[in-house]
Amino acid sequence: MEMTLNVNGRDHRLSLDSRTTLLDALREHIGLTGSKKGCDQGQCGACTVHLAGRRVLSCLTLAAAVQGRAVTTVEGLAQGENLHPMQAAFIAHDAFQCGYCTPGQLMSAVACVREGHAASDEAIREYMSGNLCRCGAYPKIVAAIREAAPQMAPKMERA
Amino acid sequence: MADDAGRPTGGLIGQPHVRIDGRLKVTGQARYPADEPLANPAYAYLVISAISRGRVAGMDLAATKATPGVIDVLTHENVGQEVKPPMGPDGKPTTTTLESDQIWHDGQIIAVVLAETYEAAREGAYKVVVRYAAEAPSATFDSPGVEVEPLKANETRHDPAKGDAAAAFAAAPVKIDARYDTPIQHHNPLELFSTTCVWEGPKLTIHEGTQNLYWLKGSVAGQLGLDLADVRTISRFVGGGFGSKGAPTSRTAWIAVAARRLKRPVKLVTTRDQGFTIATHRAETRHHLQLGATPDGRLTALVHEGWEVSSRPSSYNVSGTATTARMYACPNIATKVTVVHADRNTPGFMRAPPDTPYMFALECGMDELAYALGKDPIELRRINDTQTDPVSGKPYSSRSLMKCFDAAAGKFGWAKRDPKPGSMRDGDWLVGYGCATACYPCNIGPAAARLSLTPKGKATIQLAGHELGTGAYTLLAIVVADRLGLQVDDVQVMMGDSDLPPVPGAGGSNNAASTSNVAAKACEAIRQRLAMAAVRTNAGIFAGVDPATLTLVNRALVGPDGRSEPLETAASRVSPGAIEAHVENVPQGLPPDAAAALYHGRASLLRGQSREDVTAFAFGAQFVEIRVHRRTCEIRAPRAVAAFASGTIVNPLAAHSQYQGGAIWGIGSALHEQTEIDLRTARYVNHNIADYLVPVNADIGEVDVIFVPEEDHEVNPLGVKGIGEIGIVGMNAAIANAVFHATGRRIRKLPIRIEDLL
Ligand code: FES
Ligand code: FES
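For the protein sequence lines, the chains are R and S, in the order given. In this text, residue positions in the first sequence follow the numbering used here: the first is 600, and each later residue adds one. In this text, residue positions in the second sequence follow the numbering used here: the first is 5, and each later residue adds one.
Everything labelled a hint here was simulated from the structure, so no lab data went into it. In this text, all values refer to a predicted model and were calculated from it rather than measured experimentally. Don't take each hint at face value.
[Said to hold, decoys possible] Derived CB-CB ranges, DEER-like:
hint, chain 1, residue 1, chain 2, residue 2, range
1, R, A691, S, D146, 44 to 54 Å
2, S, R634, R, A691, 38 to 48 Å
3, S, K96, R, Q750, 54 to 64 Å
4, R, Q750, S, L683, 51 to 61 Å
[What the hints assert, rightly or not] Incomplete in silico selection of chain S near chain R, CB under 8 Å:
hint, residue
5, Q19
6, V22
7, P656
8, L657
No residue lacks a Cβ here, since even glycine has one placed at the ideal position from N, Cα and C.
All chains should be built: construct the whole structure from the sequences, respecting the hints.
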């Protein structure tokens, strides 16, 4: 079926199988491979993107269902050369090892702060528990979010 | 070992540095194998067996072939003869897939559906109707029909032994005689197993997440009868390995065959559940441990017998007795390992393969012995600490075990512990403190590298290394910058491609030692050329100076008296373009053909426990606080402290993450992870990453890591011991020991869960 997806501020006209997930649409058809497939069944969070500003699992979201709504992926977090404060904090705190969960962690982390769920380490741990990190970067992810949260000025945020 | 890598000069080795690939990883630009852009790919989807033993009697493919978009189906009938079976992780025969109709285990690949889209391939695969000739399978230990194979000694494996352990144990005044079990575990790296194959004429390119580019290349070339030079493997970033991507597996060759048939790229991304059976796992183990001691705590006997499950054709085993026999001074040692063959997929390397299960037994046994003696568990280890390998009598290259215990105990607050089980409480929570020894042998392999340096001070190092999350790119940039007197940003690191010079696979914690030493050797080759040119010229300030005394510091060639000339001047004397060095490093003690074998993907490692000169291990001490709820028996691990001494640490920032990640793996191993198997069908039942429990963020509290300084001049020229695996090794026992301390319940199997404490 024909559809138009708005990703990171750009429209993409696509002809896709009606069963195609948003994750596969991004990765296999638009060429945005930053979002990762870690389970394809909603268990790991590696595929987390923002849909109209809220975090969703793109592997459990059909591409056809998100037409007309803004999708933001990890590729859309930085503004040109300027990293989003969350990205910079992840690097500074070494909040990843293999990096495979990282796009999903970042999208969840940004949403976690915006949702108001980053007030304490306990809250961060709880609201980041949908994103598995098999490398075990959890303590550093918490530290990075704690540092980035106050730096997240609204102007850094894309809708 | 010859000091041909020289000594650190630049002061960068040991300074924390953020990852040079960090920006790629946080912007989504790091390209994992399934991210490679492809022209007109077809998609593959695996069909796997639903029985564990028997034959494929027939397949009805009509509905599959009628599915819109489906192009082709590979089965044993149409492609079975095109591929020779791959070898197992031990380089010996293992289970097969499409080579015949035989089914060795649950979830074995039995067909590959190829289609225009992923969705069509998946639909086609679900429509394959398989008729099986099924036989009753054997699932695990004690299942009817298993074959029991006591392992014998041969050229490569020994059962460490010394004295008369049976008699010493019988005579020992204080004894522990206990049995321990560890479960099946799956690595579950977050990246799904994937393979993409692209042919250009006779040349095959494979994009696959691998910890061993040259082994994969050599294996597929051999399986398909291709010239080694015609196969290229690319894996620039690996989304976690932990051993699961160490040895070649069967899927790769079939995707290569598929791409050849279709004359277009074929991409396979397997599902999470398929990953449980098309790759490897940590097999379940059993242990019988006997410790004998004098009343003052000296060990007099150590008997460790292990049992491990493998597949029918493979005798893959980890034989961790090679580690446990060497941990403590003991005059009488006996060990033995038995493989039990069942209808299962072949196990393989998983983070500290031998040490994780076997040290669980030994370190729980030491805790039990401490209680039997009425001694502090740390003191018991101090009494039996040794600087000599008790089996071989060789000296340890360095062993800072007790320094680690003291550092970690202090930070943890061990002194506050009341040793009486069940004595420490905090409201409704029973509090327990536990500790254990961690260790891992220091391994190093032959390696090659190409290094270039421009007069402007830009260096590029190339080797077929692997970045699994260890910080491998950054490690090399630091070493090269340090040795060439540059900044880390001046160094470009190219890895992840078998067109580059070979290094061993990233396994056995050898990567840092193997690649940093060859990089340092390449830097030394360039330094020598600059120095020789500088002393031979009549014009320069170094004319006639001993070239060995010149060093590269801060983009300059510096003499012993402090006089210096800019790198640009020194380098231009050798070449107006770039100076290049191609070097190979074969650590002393490896066979003469080690370098040649490296190019064929058969790098032999010099192993820490089988060296001629010394025994080389890294050591650590791990401490955990466990809380068990008085009513619900919920188990929490709010804090852990570990201290490690692993020789030279190149990048403490990434090393900290490795250690911490290892400890978190240990929490998962001790409290969460277990692959459940149905005993009647020999099939895994929790084959997804929600039912196979791994720690989530909320499961993890404080995990402190202490670096105990250690200089080791024996282990290798740079003194690098390796850190990727040691972090998990002590955790299983530390946690079980803490559970005992909290509750008085000695749980001798993993994982320890609520139901064990009810
Ligand atoms: S890939 Fe979507 S949750 Fe795992
Ligand atoms: S960094 Fe590897 S899974 Fe999180």
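Hints the structure violates: just list their numbers, smallest first. 5 and 7
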